[in-house]
Amino acid sequence: MTAYLIATLTLVAITAITGLALNLQWGMGGLVNFGLFGFYMLGAYICGLLTVQGVPPLASLVGAMCSVALLSALVSLITVRLSEDYLAIVTLGFAECLRLFISYEEWLTRGTLGIAGIERPFQGLVPAQLADTALLAFTLIAVALVYGALQALAFSPFGRLVRATREDPAVVEALGKSVLTVRFKVFAVGGAILGLAGSLHAFYYTYIDPTQFSPIITAYAFMAVVIGGRGSNRGVLISTFTLILVLEGSRFLVDWVPHLGSSELAAIRLILVGAGLVLLLIIKPDGFGKEPRSAEAEIRSFTST
Amino acid sequence: MPVIGPSRRVFVAASFLVASAFGLSNSSQANEEPIRIGILAPFTGTGGPYGKEIEEAARAAAVVINDAGGVLGRKLELVAADDESVPTSGVAAARKLIDVDKVVAISGVWSSAVVLAVKPIAVEKGVALTTVGSADEITQGENKGLVWRFQTNGKDWGAAFAKAMAKDGIKTASIMVLQTPFTLSTIEPFRKAFTEAGGTVLDQVAFNPNQPSYRVEVERIFSKEPDAVFVAAYVNELSAIAKETFRSGYDSTIYAYSNAADSNGKFVQNVGKEVAEGIVHTQHVPIAKSTAYSRYLKQVNKPEGTVATYGGQVFDQIVMLALAMEKAKSTNALDFGREFPGLVNADAPSIGEPAEALKAIREGKSFRYSGAASDFRFAPNGDQTNLTYGHFRIENGVSKLVGEIR
Amino acid sequence: MLQLLLNGAVTGLLLSLPALALSLSFSVLRFANYAIGSYLTCGAYLVYLFNVLFGWPLWIAASVGALGLATLVVAIDYLAYRPLRKRSGVTLLVASMGVAIALENLVRLFAGNSPRSFDVAVARPLRFGGLRLNYEQLTILITVLTALVLVWIIFRLTRLGRAMRAVADNPDLAAVRGISRGQVVASVWIISGVLTAIAGVLVGLDANIEPQMGWNYLLPVFTAAILGGIASPMAAVAGALTIGIAEELATLVMPPHYRMIVAFLIMATLLLVRPWGLFGTRWVTR
Amino acid sequence: MSEDATGLVLRDVHAGYGGQPILHGVSMTLRKGERKVVIGPNGSGKSTLMKTAVGLLRPLSGQILLNGQDVTALRASERARRGLTYVPQEANVFRNMSVLENLRIGHEFIAPRGGLAFAGRLEEVLRLFPEIRPKLGTTAGHLSGGQRQMVAMAAALMPDPTVLALDEPSAGLSPRNAELLFEIIHRIADSGVTLLLIEQNTRLGLGAADNGVVLVAGQVRLAAPTADILANENIRRLYLGGA
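If you read the sequences in order, they're chains U, X, R and W. Quick note: the first sequence uses the numbering used here, first residue 1, plus one each step. Quick note: the second sequence uses the numbering used here, first residue 1, plus one each step. Quick note: the third sequence uses the numbering used here, first residue 1, plus one each step. Quick note: the fourth sequence uses the numbering used here, first residue 1, plus one each step.
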């Protein structure tokens, strides 16, 4: 059981990092990145490919973070001209195309067969029984670092600028700041965090293939941010925990309701997940947390129109 | 303030989860308790159509074994979990099976990608992994005698298609392949064998799972009018493609896997007799002539002659696990896993009835188990060898065995 | 070449009904309904129920199924979306993801995972010289065009149509002009429900009925709607045709499995040049 | 018809956004046939008052009566059907629809069924606005600001309302166009409609009304005939910019 809890907590931590990245890009910056899972996948693949080439895991992780940050920043260039909904579909399409590319370009990515035997950080230094615990510790440190960095960013002048850009890009331009530069940075930092989350995914599973990455990752991240309360990093941490608890906890349904077929139970489980999500949105309108520097009234007037 | 409410609720839920899990793990420690085997199957997602067949077969086998007195005096208990046909969910479900339910083996496992993702955990935790996944990579690498494939590997199956075509006098063929590890693994061997036998491959297209339509692919492949088209896909894609081919007015013969083109009779039921007419499929046999297979069909209330390939294979998995544990007198997978080859490779009389086989082990008699899905033997790496492939043709809605290929 | 154009146009028409339904609900409710795919699936299964289990002729089954789906869609709006109406579009989008997951699995719970077909015999194609047109394509062609004409008439020439366009154009002004938003919202859902159910039947005829069928159409439908300019429903039809034909023609120059990339590139380029969509007029967010 | 023949009454209305009140107890009475203008500095709550009066904003407390009946709980669409029509400040036409369609929508959801026929009303309204007759087929979004304002007013007049509420009709117009528009407002007022007007341009606004209300910080500072307001030195200095 302990081993299962450790594994599940690692999953919570990775999802939390993804949620934090989205909270920066969409929660604070207002950029609807539906292609989140593509950047996450890219992080996993770059990290995985580098590792199996013999690059040390930590170096692969840094490499993945840098490359995803760069690519992500490039994608931000299209945001200038696109409104919210269009940005959503363009990033989603981009991610889907990326997945097609990874599925078919076998010479580079091993295609649908995936990459097996990815080495974890400190693999040789930790006894095998403690490997999962070590990875959990490593992941939790990563969560703490990302959380700390994003909190610092949220309270910094740049954080205010990001929020201002979300509220009214025209005003920011009028103040002589470049909206594009702000978005470029937001996408780059968010991309680096997604690269980190993807790399941790690769370390956790030690095997990656294209079917592991689907829009459901994006959906979970959005659920985490919306339930957590848009803009609140602490809220995201609480809501990811709740989310994974619901998703994983529902696997135990099988043990409590033994007289239904597994196909039916599997379906019931997912029905409950979907309905639970809607219910949570209805009964918990403001999520679990609040945005720093309470720009609440402003935010509310923004979201209600 | 807003934080207190939810976090308390989270805490309560978490402790509930932990408590229930401990309840389970404690109970599984007592010796008279049942031996647990995990069924990891695709109940939702791409593999959804096969999940039920897999679970039913496993349950049928467990009933047969338990009716024969169980294993080492204990009952077999199956715990099913949904892998959603996705590796990430598969890993989460497998971890729950291993760490919470304390299963000694994970069986079923349909998707090759799920197997590849679950394998490192199973090997690390010393849990047996029996699968119907077909990708060659599954049995490669250090598996500690834990990973056993109850399915032909892609290489042999691909070659079998080439042989079937040669027998049918096919000169030109094209390939439509679903982009998954298993389906792809049959393509190169097929090409090689088919060209060596003097055939010509005209064209090949790959397509993605869950495409809204296959019209483009059908148009491209069938418009060149090859004698045959090898459609390497599952029942959903094959159904759409077969219908599309028929109503587009093309006549090339479709060759497909039996688990797609028969799939328990569902394929014909889905596309109709007219569309299904003349489609050729292959699968390792005897299926139809085996004692174990008849036992399986009887147990799940299916008529004689039903071709349920995954079902037969999973039935064999559970029976073999039971026999191996009984023979090793251990529920530790590292011990009983090694017994697999000996149970089927022995040069001794064949037994197809699981109850008889169990009895034979208890009495120390020498025998070999002759499986439901095929009369297989095991290679040391975990692959089945020595398989015979059935060569079926659908005529008037029914699959007819027209020959055998070795 | 001509064959490709024909096939592409038919595929595009198939996309156009759900794309129209999507942008219709978007234009009035200002949120992208992610559950449109699972509505399509539900519609197909409802019709399957009447057609195969009750043995009714397909067109009767389809009519009853369409009404059934419309009722379901209105009920979902009442239960899930209405309590969230004051919230941001993205909150509603996330809620619709929840609805999508729940609905798809509700179908799975009752109908299982195996692919199914309507009780309609598959027939060989009609041939016009070298051009082949199969009966499903013909059905799609006639049904979709009829549906589109009807929707156009409702839109342009009826009181209800004016009310819908007014709410889409300016909800506050529509309210002070005496238009009850609640009724318009309900009508929009009913029309979307009917259109989506018809699309479900056509997709089921074209491929299979299976729990994932709507999900598979989700991305092309969204792309088509956005290509047309998501807030202008009739333009979604043009967007759908563009996608259908472009993907088909793309296979002339690249492997078919990459044809989605072509659709994506067209969309991305177009949005950069005309950020308000192909045929849409400029529409201001917020 | 109620016995005291009042058009619109607001009683101690508190209203605002997100729980933050902007109006702090506003009361006013608009008699039948009266022309009343609300003036006041920016942010004094004029628009909030208007939105509350027509039903786009629900008051936190207080009461609103229309023709003697309590309409506080009714939505804008229901108040419109009871004879209160409204021309918002911006976005006052359906931009993607033709002028004719705008007028039709102004009529068909409000006018009682079996009441005045559309064609008849259209003629009457076009007599008030001869300028838009040639533009009937044009898409409203393509009109100039002044023309759009006219279409908006015409649409609001289509159902033959008892009370017409205008929110800053001169906003965004050139002084010349604003003058022209107010000539039309005079014409409308002369047709006998009860008029509630909010106007930034106090000179034009006061010129078009019988009575004025000065709103400051969400409270009524002064309610008096327009002539008295124009004569009031303090008000002149504070709000009329010495005009």
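No lab work stands behind these hints, which were simulated from the structure alone. Check each hint, because a few of them may be wrong.
[What the hints assert, rightly or not] If you want a taste of the chain U side facing chain R, the calculated C-beta under 8 Å gives, among others:
1. Val32
2. Tyr86
3. Tyr104
4. Gly117
5. Val171
6. Gly249
7. Phe252
8. Leu270
9. Val273
[To be verified] Taking lysine to aspartate or glutamate pairs in the EDC-like style, the calculated list, with each CA pair at most 16 Å apart, reads:
10. X/Lys266 with R/Asp119
11. X/Lys273 with R/Asp172
12. X/Lys298 with X/Glu353
13. X/Lys144 with X/Glu124
14. U/Lys177 with U/Glu167
15. R/Lys86 with U/Asp286
16. X/Lys102 with X/Glu124
17. X/Lys167 with X/Glu404
18. X/Lys266 with X/Glu353
Cβ coordinates follow ideal geometry from the N, Cα and C atoms, glycine included.
Evaluated hints:
1. Annotation: valine 32 of chain U was flagged as interfacial toward chain R, and the flag holds, the nearest CB pair being 7 Å apart, inside 8 Å.
2. For the restraint placing tyrosine 86 of chain U at the interface with chain R, the shortest Cβ-Cβ distance is roughly 5 Å, inside the 8 Å limit, so the hint holds.
3. The interface hint given for tyrosine 104 of chain U is met, as the beta carbon of that residue sits about 6 Å from the closest beta carbon of chain R, less than 8 Å.
4. Violation of the interface hint for glycine 117 of chain U is found here, the shortest Cβ-Cβ separation to chain R being roughly 27 Å, above the 8 Å cut-off.
5. For valine 171 of chain U, the interface hint is violated, the least distance from its beta-carbon to any beta-carbon of chain R being 14 Å, above 8 Å.
6. At its closest, the beta carbon of glycine 249 of chain U sits 16 Å from a beta carbon of chain R; the interface hint therefore is violated under the 8 Å criterion.
7. Because the beta carbon of phenylalanine 252 of chain U sits about 18 Å from the nearest beta carbon in chain R, more than 8 Å, this interface hint is broken.
8. This hint holds: leucine 270 of chain U has a C-beta 4 Å from the nearest C-beta of chain R, less than the 8 Å allowed.
9. Against a cut-off of 8 Å between C-beta atoms, the interface hint on valine 273 of chain U holds, since the closest Cβ of chain R lies about 6 Å away.
10. A hinted pair counts as satisfied when its Cα atoms are at most 16 Å apart, and lysine 266 of chain X with aspartate 119 of chain R qualifies at roughly 14 Å.
11. In summary, the hint linking lysine 273 of chain X to aspartate 172 of chain R is not supported, as the alpha carbons are separated by about 58 Å, beyond the 16 Å threshold.
12. For the suggested pair lysine 298 of chain X and glutamate 353 of chain X, the alpha carbons sit about 12 Å apart, so the restraint of at most 16 Å is met.
13. Simply put, lysine 144 of chain X and glutamate 124 of chain X have alpha-carbon atoms about 9 Å apart, close enough for the 16 Å limit, and the pair holds.
14. Our distance criterion of 16 Å between C-alpha atoms is met by lysine 177 of chain U and glutamate 167 of chain U, whose separation comes to about 14 Å.
15. Our distance criterion of 16 Å between C-alpha atoms is met by lysine 86 of chain R and aspartate 286 of chain U, whose separation comes to about 12 Å.
16. A hinted pair counts as satisfied when its Cα atoms are at most 16 Å apart, and lysine 102 of chain X with glutamate 124 of chain X qualifies at roughly 14 Å.
17. Of the supplied pair hints, the one linking lysine 167 of chain X and glutamate 404 of chain X holds, its CA atoms being roughly 10 Å apart against a limit of 16 Å.
18. Distance hint between lysine 266 of chain X and glutamate 353 of chain X is unfulfilled; the C-alpha atoms sit about 28 Å from each other, more than 16 Å.
The structure shown violates the earlier hints numbered 4, 5, 6, 7, 11, 18.
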